[in-house]
Amino acid sequence: MNNIIVYIETDEGAVADVSLELLTKGRSLADQLGCKLEAVAIGNHLGEVGKQVFPYGVDVLHIFNDARLSPYTTLPHTSILVNLFKQIKPQICLMGATIIGRDLGPRVSSSLGSGLTADCTSLEIGDHEDRKAGKTYKNLLYQIRPAFGGNIVAWIINPDHRPQMATVREGVMKKEVLDPLYKGEIVEHDVNDYVNADDFAVAVIERHIEKSKVNIKNAPIIIAGGYGVGSKENFDLLYDLADVLGGEVGASRAAVDAGFAEHERQIGQTGVTVRPKLYIACGISGQIQHVAGMQDSSIIISINNDANAPINTMADYVITGEVETVIPKMIKYYKKNSK
Amino acid sequence: MAFNIIVLAKQVPDTRNIGKDAMKADGTVNRGALPAIFNPEDLNALEQALGIKDRYPGSTITMLTMGPGRAADILREGLFRGADDGVLLTDRAFAGADTLATSYALSTAVRKIGKYDLIICGRQAIDGDTAQVGPQVAEKLNIPQVTYAEEIEEINNGKARVKRRLENGVETVESPLPLLVTVNGSARTCRPRNAKLLLKFKHAKTVTERQAENIDYIDIYSTRPYLNLTEWGVADVDADIELCGLSGSPTKVKKIENVVFQTKESKHLSGSDDEIEQLMIELIANHTIG
Chain A
-18 MNNIIVYIET
-8 DEGAVADVSL
2 ELLTKGRSLA
12 DQLGCKLEAV
22 AIGNHLGEVG
32 KQVFPYGVDV
42 LHIFNDARLS
52 PYTTLPHTSI
62 LVNLFKQIKP
72 QICLMGATII
82 GRDLGPRVSS
92 SLGSGLTADC
102 TSLEIGDHED
112 RKAGKTYKNL
122 LYQIRPAFGG
132 NIVAWIINPD
142 HRPQMATVRE
152 GVMKKEVLDP
162 LYKGEIVEHD
172 VNDYVNADDF
182 AVAVIERHIE
192 KSKVNIKNAP
202 IIIAGGYGVG
212 SKENFDLLYD
222 LADVLGGEVG
232 ASRAAVDAGF
242 AEHERQIGQT
252 GVTVRPKLYI
262 ACGISGQIQH
272 VAGMQDSSII
282 ISINNDANAP
292 INTMADYVIT
302 GEVETVIPKM
312 IKYYKKNSK
Chain B
363 MAFNIIVLAK
373 QVPDTRNIGK
383 DAMKADGTVN
393 RGALPAIFNP
403 EDLNALEQAL
413 GIKDRYPGST
423 ITMLTMGPGR
433 AADILREGLF
443 RGADDGVLLT
453 DRAFAGADTL
463 ATSYALSTAV
473 RKIGKYDLII
483 CGRQAIDGDT
493 AQVGPQVAEK
503 LNIPQVTYAE
513 EIEEINNGKA
523 RVKRRLENGV
533 ETVESPLPLL
543 VTVNGSARTC
553 RPRNAKLLLK
563 FKHAKTVTER
573 QAENIDYIDI
583 YSTRPYLNLT
593 EWGVADVDAD
603 IELCGLSGSP
613 TKVKKIENVV
623 FQTKESKHLS
633 GSDDEIEQLM
643 IELIANHTIG
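Keeping their order, the protein sequence lines are chains A and B.
Residue 172 in the numbering used here sits at position 191 of the first sequence; the count goes up by one each step and never skips.
Throughout, the numbering used here is defined as the position within the second sequence, counted from one, plus 362.
Chain A with its partners taken away, still in its complex shape (with noise of 0.2 Å):
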């Protein structure tokens, strides 16, 4: 049977959020399908990972328990992903667009020959007519996906490789728990027939938790903020909403010079230039050197308690409000209406 699988991330035995969303996805499509769910777990201490997913409509979990496959190194990993496909033959195979799932995601779909997809922002199934070869094909993968910096959607399908991959970030898809009670079974593999020794040649020699540096420059969504956020603690508001968006916080001069935020996230001219996708000005009024750095944006929405600020004549929406009561908004309602 051609099933749907999911690979499992974990952090300690705790399954990370970005699969369970792609647990429900995952059975909604099988349940289109006729299909089942399987999921597979790749790492050390996973004795608990079966209690996490099973309420998510998993019918089958493989795990594959060695203290030597945490932390995740890509050969050992790609190896049990191949060997099993290749067993099993899922139709499709779902993963995080995480660090870990587009470094495994790509070897894997390079070691078997089938597509990938990375980073969809929606999967369906559908039929495609192929009229050149006279051919039709039922209930294909749809992975849906921005490309070209996000000027453009593609629709991408892979007609005839199996299975077919796609990696999808945490938070694009809806997290569900389906049957708290939901029985599936648990089939533990032998490690030593899936790996070689080769595969441990890349040796992880530590790992820290440091926080990276400040990139506005390439971020596709940038929050700004301006003196008229009026304090260091409401410009926690546009980190939050920064957060949700995936996007940077930027700031005007004032803003910097007010102490509001630090010096590498200026904006304008004496700051960094930027062209984002999107760009959300909060209490900034436009001055001259601030619009030098951002006037370049896509798409420009001005949140100002002044109806007159400069700004608003170059913003696609102005927005006439308090900052600390918008933002909020925005965030609630980003949430409900983001799959």
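For the record, the hints were derived by calculation from the structure and aren't laboratory data.
Do not take every clue at face value.
[What the hints assert, rightly or not] Quick list of in silico lysine-lysine cross-link-like pairs, DSS-like style, CA-CA up to 27 Å:
1. A:LYS213 to A:LYS198
2. A:LYS113 to B:LYS616
3. B:LYS629 to A:LYS313
4. A:LYS70 to B:LYS562
5. B:LYS629 to A:LYS310
6. B:LYS614 to A:LYS67
7. B:LYS564 to A:LYS198
8. A:LYS310 to A:LYS213
9. A:LYS316 to B:LYS629
10. A:LYS313 to A:LYS156
11. B:LYS521 to A:LYS116
12. B:LYS415 to A:LYS113
13. B:LYS629 to A:LYS317
14. A:LYS116 to B:LYS525
15. A:LYS116 to B:LYS616
16. B:LYS415 to B:LYS525
17. A:LYS119 to B:LYS614
18. A:LYS17 to B:LYS564
Once you've looked at the hints, dock chain B against the given chain A.
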């Protein structure tokens, strides 16, 4: 110790530079208006290679790019900043390749180049944002990969120590050579062009470029062999044509939708719950967010 390094680089349309002029009246992208640039993270990759060359004198850097004839610009840009030579992989048969067919083609060229210790490339290109080609080239060559690298710290006893950028931290890994490394945009930025190298390599050209331009100082290409950029097609790298281009691509594009941008007239909202919800629905529907 000296190392042979191959840097994979791509010429891309500058999708970050989509200002108002780059959109047509119907809201679609005017691709002709976008400048072609060196993929930004490939420059971070080049800098990592140059750093190794600084620390391990005698190391060499070969630029490898796949694309149309004008992609030779990428090779020259690499030479101006300190690479030693360049290879352009170009053939109609490569057109329409997805990441897998691209990786296959690049891997055949790497095999043809032959001796290498490190392959370094950017994490992803800004036109596709897939981050797939690096790992897939590594798989095709059957060598290990280290992705999301921020710094290739040292190379000792045939092993490279690399710092990687994770979601909320950093990780240091050690891998035997040969190795493929994909470099993250958070790595240090590439040094600028070097004036002496700019003069030296200004006239570096592929054979097609030399023929097209009818240059009267053609002699320099025999007296200064470093000005000859290598140009290879399918036959030169012994690629299986079935695995190249469209026919070698398991993924197909079923359709493309253009994301339509708003015209410049401002919409005025009061900040009420209803209006903010409508705005978020609109931004999600046109793929600005989400």
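For each hint, the structure was consulted:
1. A:LYS213 to A:LYS198: holds (22 Å)
2. A:LYS113 to B:LYS616: Since the Cα atoms of A:LYS113 and B:LYS616 sit roughly 13 Å apart, the hinted pair holds (cutoff 27 Å).
3. B:LYS629 to A:LYS313: holds (21 Å)
4. A:LYS70 to B:LYS562: violated (55 Å)
5. B:LYS629 to A:LYS310: This hinted pair holds, its Cα atoms lying about 18 Å apart.
6. B:LYS614 to A:LYS67: holds (23 Å)
7. B:LYS564 to A:LYS198: violated (30 Å)
8. A:LYS310 to A:LYS213: holds (20 Å)
9. A:LYS316 to B:LYS629: Satisfied, since the Cα-Cα distance of roughly 23 Å is no more than 27 Å.
10. A:LYS313 to A:LYS156: holds (17 Å)
11. B:LYS521 to A:LYS116: violated (50 Å)
12. B:LYS415 to A:LYS113: Given pair B:LYS415, A:LYS113 is violated - Cα atoms ~51 Å apart, limit 27 Å.
13. B:LYS629 to A:LYS317: holds (22 Å)
14. A:LYS116 to B:LYS525: violated (48 Å)
15. A:LYS116 to B:LYS616: Between A:LYS116 and B:LYS616 the Cα gap is close to 14 Å, so the pair holds against 27 Å.
16. B:LYS415 to B:LYS525: holds (18 Å)
17. A:LYS119 to B:LYS614: holds (15 Å)
18. A:LYS17 to B:LYS564: violated (60 Å)
The earlier numbered hints that this structure contradicts are 4, 7, 11, 12, 14, 18.
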